[in-house]
Amino acid sequence: MAGYEAVIGLEVHVELRTKTKAFCSCPNEFGSEPNTNVCPVCLALPGVLPVLNRSLLEYAVQVGLALNCEIAPFSKFDRKNYFYPDLPKAYQISQYDLPLCRNGYLDVEVDGYTRRVGITRVHMEEDAGKLLHGEGNPGYSLVDLNRAGVPLLEIVTEPDIRTPEEARLFLENLKAILQYLDVSDCKMEEGSLRCDANVSLRPAGTDVLNTKVEIKNMNSFRAVQRALEGEVQRQRSIYESGGVVFQETRGWDEDRGITVVMRSKEEASDYRYFPDPDLVPIVLSPEEVERLRRSLPELPVARRERLIRDYGLPAYDAGVLTASRDLADFFEECVRVYPDAKKVSNWVMGEFLRLLNSQNLEVKQAKLSPSHLVEMLQLMDEGIISGKIAKTVFEEMFNTGKRAAQIVEEKGLVQISDEGELAGIVEEVLAAHPQVVDDYRKGKRKALGFLVGQVMKRTKGKANPQLVNRMLEERI
Amino acid sequence: MELFELTAHELADLIRRGEVSAEEIADSVLRRIDQVEEDVRAYLTVTRDRALAAARAVDARRQKEEDSGPLAGIPVGLKDNLCTQGVRTTCASRMLENFVPPYNATVVEKLYQAGAVVTGKLNMDEFAMGSTTEYSAFFPTRNPWDLSRVPGGSSGGAAAAVAAGEAIYALGSDTGGSIRQPASFCGVVGMKPTYGLVSRYGLVAFASSLDQVGSLTKDVRDCALVLNAIAGHDPLDSTSVPMEVPDYTSFLTGEMKGKRIGVIKEMFDEGLDPEMAEVVKKGVKKLEELGGIVEECSFPHAEYAIAIYYIIAPAEASSNLARFDGIRYGYRANQEEGKELDLQELYLRTRSEGFGPEVKRRILVGTYALSSGYYDAYYLKALKVRTLIREDYRRLFQNFDLLVSPTAPCLPFPLGEKLDDPIVLYLADVYTVPVNLAGLPAISLPCGFVRGLPVGMQLIAPAFKEGDLLQVAYAFEQNTPYHKERPPLQGKSPAEAVEGG
Ligand SMILES: [Zn+2]
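Just so you know, the sequences run in chain order A and B.
The opening position of the first sequence corresponds to residue 1 in the UniProt record's numbering, with each subsequent residue numbered one higher.
The opening position of the second sequence corresponds to residue 1 in the UniProt record's numbering, with each subsequent residue numbered one higher.
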């Protein structure tokens, strides 16, 4: 990237998980049969009127506060007018010149430095429906209006992001905050979190404003980073070969790994925004904002610091655990009963995350609960299972949801701590490896480990390792 | 006297005393419709069977000695921009010719709950845009006082129906005078309540910040009864105001002593028909005789009202009417033989064929006024002037309880006469429009006749002071004979059919 730096701004759309839609009482649900979550209001039949869902407003204020924004005491809804078959009113209810929240920021930790990304604005709007092309008669498109009127937040950043990695980390942090607030599912693949990016390039260290390109259709955090990397690369080679970057909208082609032009941006649309006369202005008292501020849950940064402080966890562990509210909740639930925080953290960050990732599961989808883990740790402490067996037990609990004790029982995994039971095997091992025994006697301490391993092998890992150690030492 | 000639409260008394049944009343009104509708043409849809069934239901309830309230069993006509479940609601437009809503407007729902007998849907200017009811896509309505003249608009069907006895009362909508101006033209009482007092849910929107549902009645007591039935907060309309609604009949004392009344001098100048000016001035004199403290006052920004109205109303209309695109309901342009329309063509053809000329004119004006580059010069400027107009009223109401003016500057004009000159037509609303811009309540009362045609007087009150309005209007009515006059309409006449529209 020598010589150039990227200037990146993001526009994020978040579908909120309110019970009902933004302006009517239809259920806000993903995945229902087409056109079943609809009513005269979201179908825009003649004469009907929108009524603001209060929880949309409360969620929006909470997100604004979590992103360090100013909350406008007076804001309003506007109409954004355009014709499209999935937009039943032919206008979208949105916020134009008086957004609910503005002038915030979100700090992102990148490789040991902190990047502060400014939040220009957060505003409320409604989603449009969906067109299904080419189903049935290929000459027609079908319209599903289940999504029409679903509440959205649009979060717009300042062009403060400098690298594709920062962009991905910003999104991950944002997602964590939204999940902590419990306001959205944040599923990019289901469209409940969507991101567009503006990218331009300029000579490093200058504040030139070069032509920017908008990138759409990125449906994972990884795709955002890859698309931005590709686009930065593309623009740099254009500049290096003396070419011109055109202002245009490009889409990310996941399969080919490149951005491709969607449309050039010569004719700007005229949305004819004006205040929606069907909705009264939104007036928020300082008391109301304060009430919502007090209702905010602990957010990732604060929780991370608390985990370090209260449990003595390393910063790295605290960071991993608090990246997801569910994971941090899981951890703290374990620690409440089983206070060896580092031991719990090791299992949660290690085996638990590994299994979740390999099976592509969310914390809440796991069959394994905190009490599963705690019971297993107690079995280890009691010497009933070894650390090695514990890994087997853990995976079995994760896959089946069975309790540790039951698995140990069923599979006969109980640790052998009876000297009499082990004596024969120890003798056998000593007899089979006279050379190693000799080495040990000559002072090669490592040789003992080999002998212990042999005992474990013959007991299928069930022997109590401390006991085996002691018995071997006694006999050599 | 025939039943259809009576007022709602007179009929309610007869029902209460058991002297007539709701069915007899419905029958009388339906027969009146048969008799004169060919001449008047007030109805787009007559719901005869539903009306009779509703009347019989009221009678059945009465037999069980259930008192169903003062509007139970009284026939009402509804302007065809009020949604009626199961009954087509056309807005007098080809665009909605076959539209049958699956819901009732809140006001309709409230009337049903009050036991109303709905006789049908009344003609209007297409999407309530117009001042003569000649812009109906189907046919013009005629003025019952002179069939060669217009009934006014856009609630012309509603005003004509009440004047002709084809409905005992009617609901209309008033965006810039669309209840009061036809009330004046047809010699009935028309009220536009305060913006936010009556729910707009189910009223097909023309200009949302100006539209208000109101009544057309034969007298002021009926006006109060209807307001009692339709006023009040509606959770389905967030612009409707949550407040206690009084019993409006309690203001009908006949007393009005000490009311301070401002006469808006700008509304008696050269724009007004001189003979009408005399009649309205006589009305004002009457108010003085009845104890009103009458004084002339000035309304400086009145002259800008029409100009900004014709920016704000079309701007909102251009957005409100954008939903009629041929995709989900309403009119859709036909595919040509062997040629599929693409999306753009479907939109263009549907809207070109579905909307009439006045609606298109306003959509174009509104789109222009909102477009970037013109927004500040037109729409934003209009909003600022609107604030000045509100300010004028606020200042006036520091000194006056009510303001008075003529309702319209002219008598009902001959059908077809002004159809080709929209600007002249727009001036028919010059005295009523400022009231909508400020969201105030106002009433038009019959106050005399010129050359056999009715003249209306407009009273305007501060927001939510409908009680004061009704009190003064009632006192005036009790001491004048004009509301008792009925047009000499025999019906089934050879009808010098005047072709219009
Ligand atoms: Zn809905």
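Since the hints were made in silico from the structure, they are not lab data.
A portion of the hints provided could be inaccurate.
Unchecked claim - Okay, the calculated bits of chain B under chain A, using three or more residues with CB under 8 Å as the criterion:
id, region
1, 59-69
2, 90-103
3, 204-210
4, 309-322
5, 365-377
Just so you know, even glycine gets a beta-carbon here, dropped at the ideal spot from N, CA and C.
Quick rundown of the hints versus the structure:
| no. | hint | in the structure |
| --- | --- | --- |
| 1 | 59-69 | violated (count 0) |
| 2 | 90-103 | holds (count 6) |
| 3 | 204-210 | holds (count 5) |
| 4 | 309-322 | holds (count 5) |
| 5 | 365-377 | holds (count 5) |
The structure is inconsistent with hint 1 alone, although it conforms to all the rest.
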